[in-house]
Each structure stands twice: as C-alpha cells, then as structure tokens.
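S.K.: Quick mapping for you: the protein sequence lines, in order, are chains A and B. If you're matching positions, the first sequence starts at 18 in this note's numbering and goes up one per residue. If you're matching positions, the second sequence starts at 1384 in this note's numbering and goes up one per residue.
On the chain A side, residues computed to face chain B include the following (Cβ under 7 Å):
{"#": "1", "residue": "Ser93"}
{"#": "2", "residue": "Thr97"}
{"#": "3", "residue": "Val101"}
{"#": "4", "residue": "Ser104"}
{"#": "5", "residue": "Met134"}
{"#": "6", "residue": "Leu135"}
{"#": "7", "residue": "Gly141"}
{"#": "8", "residue": "Ala146"}
{"#": "9", "residue": "Ile164"}
{"#": "10", "residue": "Phe165"}
{"#": "11", "residue": "Pro203"}
Derived pair list, reagent style EDC-like, types lysine to aspartate or glutamate, alpha-carbon separation capped at 16 Å:
{"#": "12", "chain 1": "A", "residue 1": "Lys29", "chain 2": "A", "residue 2": "Glu48"}
{"#": "13", "chain 1": "B", "residue 1": "Lys1501", "chain 2": "A", "residue 2": "Glu176"}
{"#": "14", "chain 1": "B", "residue 1": "Lys1501", "chain 2": "A", "residue 2": "Glu180"}
{"#": "15", "chain 1": "B", "residue 1": "Lys1475", "chain 2": "A", "residue 2": "Glu59"}
{"#": "16", "chain 1": "A", "residue 1": "Lys179", "chain 2": "A", "residue 2": "Glu191"}
None of these hints come from the bench; they were simulated from the model. Note that beta-carbon positions come from the ideal geometry of N, C-alpha and C, so glycine has one too.
Each chain is listed here by its residues.
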Amino acid sequence: MLYLQLFLSFFKIGLFGFGGGLAITSLIQMEVERYGWMSPQEFVDIVAVSQVTPGPIGINCATYVGYTATGSVWGSVLTTTAIVLPSLIIMLSVCRAYFWIDKRFHDNPYFTRTLRMLRFTVIGLIASAALMLVRPETFIDGISWLIFALVALFTILPEMTKELIQKTSPPLREGLGVGLSFLSHPIILIILAGVAGYLIYA
Amino acid sequence: MKIGTFTIGGGYAMLALIQREVVDRRGWIDEEEFLNMIALAQAAPGIIAVNSAIFIGWRIGGWKGVVGAVLGAVLPSFVIILLIAMVFSEWKELPAVEAVFKGIRPAVVALIAAPLVKLARNAMKRPTPSPSVKGREWRNAAPLLISLAAALAIWLGHVNPVWVILITIVCSICSCFFRSLR
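Given these sequences and hints, build the entire structure.
M.R.: Set out below in structure tokens:
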C-alpha cells in the first residue's frame, strides 16, 4: 500500500512538475506532508543534501524520499522510476511529433500564453515551498534568522550589484565578479552554514 | 553519459554541460536543434535534465538511445543519494551532525526563497516589449498577483499544487479562447 501511494504520488509529481527543481520540491513537500512520510526537518535536510550533491534536484529528492519512507532500496527505485515515467511518455510523444510541433508551437497562442502563465504560478509554488518551511523546527532561534538573512543576501548579491560592479575598473570588476559568484554558489553557502551550525550548536 | 555525475545544483547548471558534451565535443546534434530541445525540455513537465536526455537519446539512437541517456542521467545521482541516505540514517542521531543541520536548515529556506527575486524580474519582462506608457510599468507586475495567489493558496489554504497548476492551464486556455472570439 505504501509502495502504491509512493508510486502514484511521484508519478503525479513528474506529470505536473513544471518549472524545474525548486518547483518540484514544493510538489514533493506537499505529498510528503500529506502522507506523513517524514518530519519537516527531515524534508529540509533532504533538500539540503539534494542541493549539495551532483545531479538533478528532483531525482535526488525522489531517491531520498523513497529510501527514507520505506527503509529499503526498492522504495528509491520505485519513486525514481515514477518521477521519470511521465517525462518519458510526454517527451517521447513530443519527439515523435517533433517536426510538426516545431513549426507550430512557437506561434500557437494557447501554448505560449499558457507557458507564460505557468511561469508565474511556478514562482508562487516556489514561494509557498519556502513559506511552508518557515516553522519552529527549522528556525529554532535568532541565529537561524541571521543565517537565513545572510544566505539570502549573498544569493541575490551578484544580481543586485551587477550594475555597480560594471562601473568599477576592469581588474577589480573581474575579481569582484568571480568572488561574488563563488560566494553565492548554493554549495558554498550550505557548507558555510553547516560550519556555522557546528560552531554554534555543537 | 557522464553528464549526470558532474552536475550540481539542478537543471540550469546542467544545460551548459550538456551543450558542451553533446553539441561541441561529440556533434550529436547541432546548435539550433539544441536550443529547440531546451525549449521543449523546459515546457514539458518533469525534470529538465531528464527531458533533455530523453530528447537527445531519441535523436541519436531511438529507443536504445533513450534508455541509455535516461539511465546515464539518473543512475549517478541515484547511487550517490542512496549511499548518503543509508549512511545518514545511521548518523542522524549524532549531536555534531544535528548541529551542522541546525545551521543548514535556515540556509536551505533562504536558497529556495532568494532566487524568487530573479525569477520574478525575468518573468516580468515581456516576450515582445509592448509600448509601455510611462507610469504604466506597474502593469507588467500585475501577473505577479497570480504568483501571490498561488503561494497563499498552497501555504495557507493547503491547496495541492497540482490543482493550482491545473487551474492555471485551464484559465489560460479559456482566456485565449475568449480573446480569439473578440
């Protein structure tokens, strides 16, 4: 029964997972919470691990949830297959119709408008994923909020300071650009947050 | 396919790598087809990297290509995560590991929330720059109300995201239909 639930949920996630990894995260979170496969902390930990390990976040999450929910390798096999299956069905039919679609889909208003609308919905989905994770278990004290603020700041810093950096002299510009994009990389930030956590809480 | 192993951080980081391997080094498909592929892989639901792998696999080797490409894209992460999941379930109780994750959890929330700024900015840019009258720029931000409504519905209303996506698709198709009537 658990296996059937997992399969159906992850098939659904694969089928409706528009907009890449982060949006898929919010879909997975909803299913995980509904069936109580794991606690909210465990889910955040999984997202963290998925972000620092190589490979697509969606696959990483599916594999991890499958293992944790069932405690067996077959759970992982099942969830990963289930999340890939809709892609296979859809992409293969698209590939077969590729030349037909290629001519049509660029100027089909139904198609382009729906995609544009979905972009906004996906933004909402990602926002809700973040909002749902703001709970006492993840934000235990003021330091948590400080870490949150710092990581958010460093993530948007390269984007925000782009124009400012453009005005500086070339060697400084290069150095700042490289330094900022290094510091804003998710893996670096997660490692730094982990070190901070160890120093503060251990 | 060695692509799966070396990509960190999700779909968009992966596309550049796929391009180098498939277009530049092996010449399996050309630049233009690659761009079409990205458009399709992003438009279709599912994991972008997997969608790309299916497309490339199909173009190169038909069914066998698809099987090979999908396994190549999925297996490395699958094995790595499985090992981590097994080890982590043993280590979870260690106080040091718990301390590290106490620091990481808020960081993860920030990493999910912060890209929203860029996403919202990009989404607000219109595909064809419409003659925006001065003082009317706020109109471009109006669709962000859709995002807000979606986020609130899921967060406070506990609506399943699947419904939100379905409703978006239905509304958009209806609005297109009515436009075509006028």
